[in-house]
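We have chain A already, so just place chains B and C on it with the hints.
Chains as they are written, first to last, in our numbering: chain A, 2 to 213; chain B, 2 to 213; chain C, 2 to 213.
Hints were generated in silico from the structure; no laboratory data involved. Quick caveat: nothing in here was measured; it's all calculated off a predicted structure. Glycine residues also receive a C-beta, built at the ideal position from the N, C-alpha and C atoms. None of the hints are false.
The following label-pair restraints were derived from C-beta to C-beta distances:
no., chain 1, residue 1, chain 2, residue 2, range
1, A, Ala25, B, Thr112, 23 to 33 Å
2, A, Arg211, B, Ser8, 42 to 52 Å
3, A, His189, C, Gly110, 35 to 45 Å
4, A, Pro61, B, Thr112, 26 to 36 Å
5, B, Ala25, C, His84, 47 to 57 Å
6, C, Asp179, A, Leu181, 44 to 54 Å
7, C, Asp190, B, Gly180, 31 to 41 Å
8, C, Leu126, A, Gly180, 32 to 42 Å
9, A, Gly127, B, Arg91, 28 to 38 Å
10, C, Thr112, A, Asp179, 51 to 61 Å
Cut-off 16 Å, straight-line C-alpha distance, at most; resulting in silico cross-link-like pairs (EDC-like, lysine to aspartate or glutamate):
no., chain 1, residue 1, chain 2, residue 2
11, A, Lys26, B, Glu19
12, A, Lys26, C, Glu31
13, B, Lys18, A, Glu19
14, C, Lys18, B, Glu19
15, A, Lys18, B, Glu19
16, B, Lys26, A, Glu31
17, A, Lys177, A, Glu192
18, A, Lys26, B, Glu31
19, C, Lys18, A, Glu19
Listing some non-contacts, in silico: residues in chain C with all C-beta distances to chain B over 12 Å:
no., residue
20, Ala60
21, Arg70
22, Gln76
23, Asp77
24, Arg80
25, Tyr82
26, Gln111
27, Gly128
28, Asp145
29, Gln182
30, Asp184
31, Pro186
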Amino acid sequence: MSEEDASLRETVLALQKEVRALRAKATAAEAHLAICNLQAAYGYYVDKGLWDEAADMFAPDGTLEIAGRGVYIGQDRVRQYLHALPPYERGTIFNHMQLQPVIHIDPDGQTAKGRWRAFILIAWLGGEARWGEAVYENAYQLIDGVWRISKLHAFITFYCEYDRGPNHGGVPMVRKIDGLQPDQPSTHDYEAFPEIFIPPFHYANPVSGRSW
Amino acid sequence: MSEEDASLRETVLALQKEVRALRAKATAAEAHLAICNLQAAYGYYVDKGLWDEAADMFAPDGTLEIAGRGVYIGQDRVRQYLHALPPYERGTIFNHMQLQPVIHIDPDGQTAKGRWRAFILIAWLGGEARWGEAVYENAYQLIDGVWRISKLHAFITFYCEYDRGPNHGGVPMVRKIDGLQPDQPSTHDYEAFPEIFIPPFHYANPVSGRSW
Amino acid sequence: MSEEDASLRETVLALQKEVRALRAKATAAEAHLAICNLQAAYGYYVDKGLWDEAADMFAPDGTLEIAGRGVYIGQDRVRQYLHALPPYERGTIFNHMQLQPVIHIDPDGQTAKGRWRAFILIAWLGGEARWGEAVYENAYQLIDGVWRISKLHAFITFYCEYDRGPNHGGVPMVRKIDGLQPDQPSTHDYEAFPEIFIPPFHYANPVSGRSW
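Here chain A stands alone, though its shape is the one from the complex:
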């Protein structure tokens, strides 16, 4: 092999290595953005009571846990849970704004975790209106090339009456869905505002590397 040939071969090997590293970066960015799209799209479906669309986004064995209402396991049970929520009909607002993602793709590129905040405005004409917030700690899974929600876990941090404001008190968490029993009890025992609770973080501090 000539010197020139050897040098070309080395260049190609270096390129291969570089391309492998780039592939990992590009795939992680693609996954990050796909998950942002996924969770945002989920929110738009929830707003309008499109429960089947929302349920379809879960992995077959995906789980759902909201407030202190226990864990629902598998897409069918998630669907049941969602259909037990209030319908979108004249005089309702059920907006769940999906905000402030912190997304981490696992090294194998097949699973991921995300923290989000849902900023909530719900209202019934002639009834109640409420501001609220949930912090989500979710997990995602790549199945047949498509990202799905494998775990949706919403920690409700506060609800307050629109007419009174949070300085006048919070609304206690609803701990049950009428007519439904969860598959497993709640994973965390907590109460929303005015009590205090810090939803756990799936990540360590990105700078110090220390877990809180």
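Chains B and C only, in chain A's frame:
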């Protein structure tokens, strides 16, 4: 050609293919993030009544449609429309928070679509204050290497008086800009809260692949 | 060198160039998303008064400037400032939603700038509740492979009492932290709503290229 040479040639061809695929991924991620920047920047201009800055972001033949006020076609008409909105002056808040993007870059990388939500707080000191929401279904175009808004379509989903709250009723959509006539009538006939309306989705369900 | 060899060599050189360009794109996307994660994570810490976690995110010589309270220089001073804020305790909400990023990575990939909006809801049970907004113009620095906040500058644009609404007036900016003196005076002289102020932009209009 030696066996070694043949194998090197194959490696290079495989790399070429891989790099082409990576280029598509990287370009899509770059476009996605540029469009997020673009729409977010648009929102900051709108907040402060910087109408020329906002109009500059449109494609030459870009269109604007807000609420039931018809379609304005071309950057000049968009500029006219925007300048007919209230000025930013002492005692005003005109905040249009740009949230929850669902972005899809078309396969050719030259056009894109995005769903967003504007969460709105407007106020006039000594006058009215309102919370509101628009769902945008926008389109974007890459022109001379720069992403522009080619269609901005805001579906108003609710406005309510800050002082009363949405449980006490919604504010009907304003269907006209004083002194202006649109180039085309509204593309959709709908009313905001308390009526019901689901803004159309530019995308199918990302998991099931079914259109709602 | 045979013609085939020469052509292979050219192909490899072209690939090298292409990969270099891709590396720049992929690194910029990675940085953009890392900074989104960083600022979002900062917000979750602030919500819950986790001041040491928030301070850890700053560069050693990072700066903090909020409202008209002057500039605090260096991570230790930032930490001091943050610890002077109200604690997270029963009956408090201190939510700082981190929204609407406009991120620009500098060409060397070592520094970046970002505009954000914090949409704020704070409340003390039996006391006051307020809606507010800050526009951030922040800077970031890559140190040992990790993005940090090198400048956090929050321009408060409004605060209003939840019980009264912004149409009934704004709350003047707090210009001092009890018991603390800044290292440098404020860089900008302004007042929040109902006065007018447009926080400066770190970027030119992305389409026209003109600075406002």
